[in-house]
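Chemist: Generate coordinates for the entire structure from the input sequences, incorporating the hints supplied.
Order-wise, the sequence lines are chains A and B. For the first sequence, this note's numbering begins at 1 and goes up steadily by one. For the second sequence, this note's numbering begins at 1 and goes up steadily by one.
Treat the hints as calculated values from the structure; they're not laboratory data. Built from N, CA and C at the ideal position, the CB exists for glycine as well.
Quick list of the computed label-pair ranges, beta carbon to beta carbon:
(1) A:Gly22 to B:Met360: 24 to 32 Å
(2) A:Ser372 to B:Ser145: 49 to 57 Å
(3) A:Ser21 to B:Met360: 21 to 29 Å
(4) B:Glu326 to A:Ala253: 30 to 38 Å
(5) A:Glu147 to B:Asp354: 40 to 48 Å
(6) A:Ala288 to B:Asp332: 28 to 36 Å
(7) B:Ala146 to A:Val328: 40 to 48 Å
Examples of chain A residues toward chain B, derived with CB under 7 Å:
(8) Arg46
(9) Ile318
(10) Thr323
(11) Ala350
(12) Val390
Here are a few chain A residues that sit away from chain B, every Cβ distance over 10 Å (derived from the structure):
(13) Ala7
(14) Arg169
(15) Asp250
(16) Glu364
So you can see what is in the structure, the chains are spelled out below.
Protein chains: 2
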Amino acid sequence: MSVTAAAGFRAAGISAGLKESGSRDLALVVNDGPLDVAVGVFTSNRVVAAPVRWCREVLSGRRGDADRARAVILNSGSANACTGPGGEADTAATAARVAELLGDAHPGLQAGSVLVCSTGVIGVPLDMPTLLDGAATAVASLQDSAEAGHAAATAIMTTDTVPKEDTLRLDGWSIGGMIKGVGMLAPGLATMLCVITTDAVIDADAAQSALSRAAARTVNRINSDGCMSTNDTVLLLASGASGTTPTTEDFGAAVQELLGRLGRRLVADAEGATHDIAITVTGAVTEAAAEAAARTVSASNLLKCAIAGEDPNWGRVISQLGTVPESVCPFDPEAVDVTINGVTVFRHGALGEDRDTVDMTPRETRIDIALSAGDAAATVWTNDLTHGYVTINADYTT
Amino acid sequence: MSVTAAAGFRAAGISAGLKESGSRDLALVVNDGPLDVAVGVFTSNRVVAAPVRWCREVLSGRRGDADRARAVILNSGSANACTGPGGEADTAATAARVAELLGDAHPGLQAGSVLVCSTGVIGVPLDMPTLLDGAATAVASLQDSAEAGHAAATAIMTTDTVPKEDTLRLDGWSIGGMIKGVGMLAPGLATMLCVITTDAVIDADAAQSALSRAAARTVNRINSDGCMSTNDTVLLLASGASGTTPTTEDFGAAVQELLGRLGRRLVADAEGATHDIAITVTGAVTEAAAEAAARTVSASNLLKCAIAGEDPNWGRVISQLGTVPESVCPFDPEAVDVTINGVTVFRHGALGEDRDTVDMTPRETRIDIALSAGDAAATVWTNDLTHGYVTINADYTT
Chain A
1 MSVTAAAGFR AAGISAGLKE SGSRDLALVV NDGPLDVAVG VFTSNRVVAA PVRWCREVLS
61 GRRGDADRAR AVILNSGSAN ACTGPGGEAD TAATAARVAE LLGDAHPGLQ AGSVLVCSTG
121 VIGVPLDMPT LLDGAATAVA SLQDSAEAGH AAATAIMTTD TVPKEDTLRL DGWSIGGMIK
181 GVGMLAPGLA TMLCVITTDA VIDADAAQSA LSRAAARTVN RINSDGCMST NDTVLLLASG
241 ASGTTPTTED FGAAVQELLG RLGRRLVADA EGATHDIAIT VTGAVTEAAA EAAARTVSAS
301 NLLKCAIAGE DPNWGRVISQ LGTVPESVCP FDPEAVDVTI NGVTVFRHGA LGEDRDTVDM
361 TPRETRIDIA LSAGDAAATV WTNDLTHGYV TINADYTT
Chain B
1 MSVTAAAGFR AAGISAGLKE SGSRDLALVV NDGPLDVAVG VFTSNRVVAA PVRWCREVLS
61 GRRGDADRAR AVILNSGSAN ACTGPGGEAD TAATAARVAE LLGDAHPGLQ AGSVLVCSTG
121 VIGVPLDMPT LLDGAATAVA SLQDSAEAGH AAATAIMTTD TVPKEDTLRL DGWSIGGMIK
181 GVGMLAPGLA TMLCVITTDA VIDADAAQSA LSRAAARTVN RINSDGCMST NDTVLLLASG
241 ASGTTPTTED FGAAVQELLG RLGRRLVADA EGATHDIAIT VTGAVTEAAA EAAARTVSAS
301 NLLKCAIAGE DPNWGRVISQ LGTVPESVCP FDPEAVDVTI NGVTVFRHGA LGEDRDTVDM
361 TPRETRIDIA LSAGDAAATV WTNDLTHGYV TINADYTT
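Modeler: Below, the structure is given as structure tokens:
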């Protein structure tokens, strides 16, 4: 179960014909209410695809009522990015068609109540006749079953090797979601898309606050290869159908737990990766400083290659850590410890325990960096850099 | 000719036995004057190796006379980084021994007049008996010949496949240099080292100014894989032996030209690279903005893989460009053009000429990004990301 786990939601995932392979390529999620709360977080890239602009306008109230939407339609096969005014018109037309098609269940539904997400190749216009025909098929296929949620999760895949979904059952309410992406990126097909649905009774401000905070601590701390998509979107829809109103704390914790789990599935399916790497910085003066230091270390190709080679190369950790500006994350290099998979190989600025005792065979690799400068901590996830990554991204031609 | 091209310099490059391979591993450059001007620029990494600290102390006057040095000894085989107080003592002992050995030519020479550079594995102590024996051999081998300069350039190599040296003959004076590094990095053996010698009559302030400015525009604009070494060092020694005093402009231009050429040799020998990539941003509001944008694009593994696959993937240029903060480099995404090897594949925020017309076969790949926001420009060099890079950095074990 994923987007259909919470009461009040139907979904579909069908093959419209946008992908040459004939695989599923069009997903639809509909919130039958009673609430129609919708909030989102989006890529911070300055170059954004037409559907991201559309979603921002919908949720800001420039296309309808702010923080409200009844449906999300998501296509793979084309990102509809860098497609100019035609791309904007295509997104608007898609939303209008879905609103019209959903008119039986939701009379008078307007385009401004329909969110649109796209993922696939940049710079290629959408095949609109195929997409609009597919939208009709998707509406006709809507169900509240686990199978329908799974089909939707499958339809948003690009170079993902598996659909990614998860669900939490809380005290009287549920939350579930689907995500796609292969570590924030893909060849030409860069994008992370995520749709979360809940039947909790929650208002838009609380939902936005919970989503923003959860995203900052989960998917925004995945740094597979430093590349940020033009289309990254995380949406949260609330139906209120459970009749249960969780506390702000419980709701926020659930969103963060779910998004954390979904994010870990991105890491686990990252292109070519053979190791997932958790870089945890402790003892920083602030959480932001810890995150900045962990993010910097996560960006080292040398380190990522070392982990691929199962080499506990603390020198590459330390030399990368040293590039974090003092103003961003103060620490004394002589006070730093580095622990890899439980073995403190570098202690107080010098050699620690024998690196040969580090077991590098598990897929999950834990690099813990203790700064001894404060009490704050943060973890950033990345992957190793392998021949598989190069093959996927060099040999693939859009 | 390289470090021995300018009058007043002798050099040596010998095999001391620090490398298991038996290859040359110890270089010495001596400035016989009459001047003994010495200036340097160093890594901005907060974790710095013992020899970098030593050089900074020498040149700042804390170990002798500021901006003066008679000799540089450089070893490969160990970076003497993260080696604690013992590493500091080893560097000081090396300088002291070289000063003593050079006493015949330069009576009373002190350790504080000898610069020390190291490159090799991080965290491994120097083999001091071998190094000190080698220093004696190096002093005995000193010559002012082209062969001696070449031997020195060979002795500082780590994973470099070729020695890198160049010389400029100006109006009555000369400048030459040697450099090592494989694009700012190497497996465990991360480091760029460079020694430039000139027989111009120049004072320390002018020399430092010229070197700092040249480094900022040349070697500091190479971003092979975003990894910064703990040992990066560029030294400039002036003997004044030509008796010629160039203008500040001429001297600065020569240093920049030489360091630019040497830097290009680093790029050309970068680990596993099959393409050198020049990313030029024009039409920026300031040179710093142009450099920041070019540097950001140069850090995209997706783009670097695309170039390895000879794919003129402008989508990966644009999506990476969009991650540059507006506060750092303002531009309107709709006004941007991207030209790859002369073909404007992206124009004013939309599709440009046919990407299939781009010839991607030359080793040198030119990506020109016109922002239309101002008049400033900058070029950053990088390399493609290949299976060879992964092989060198994943499969190599220190």
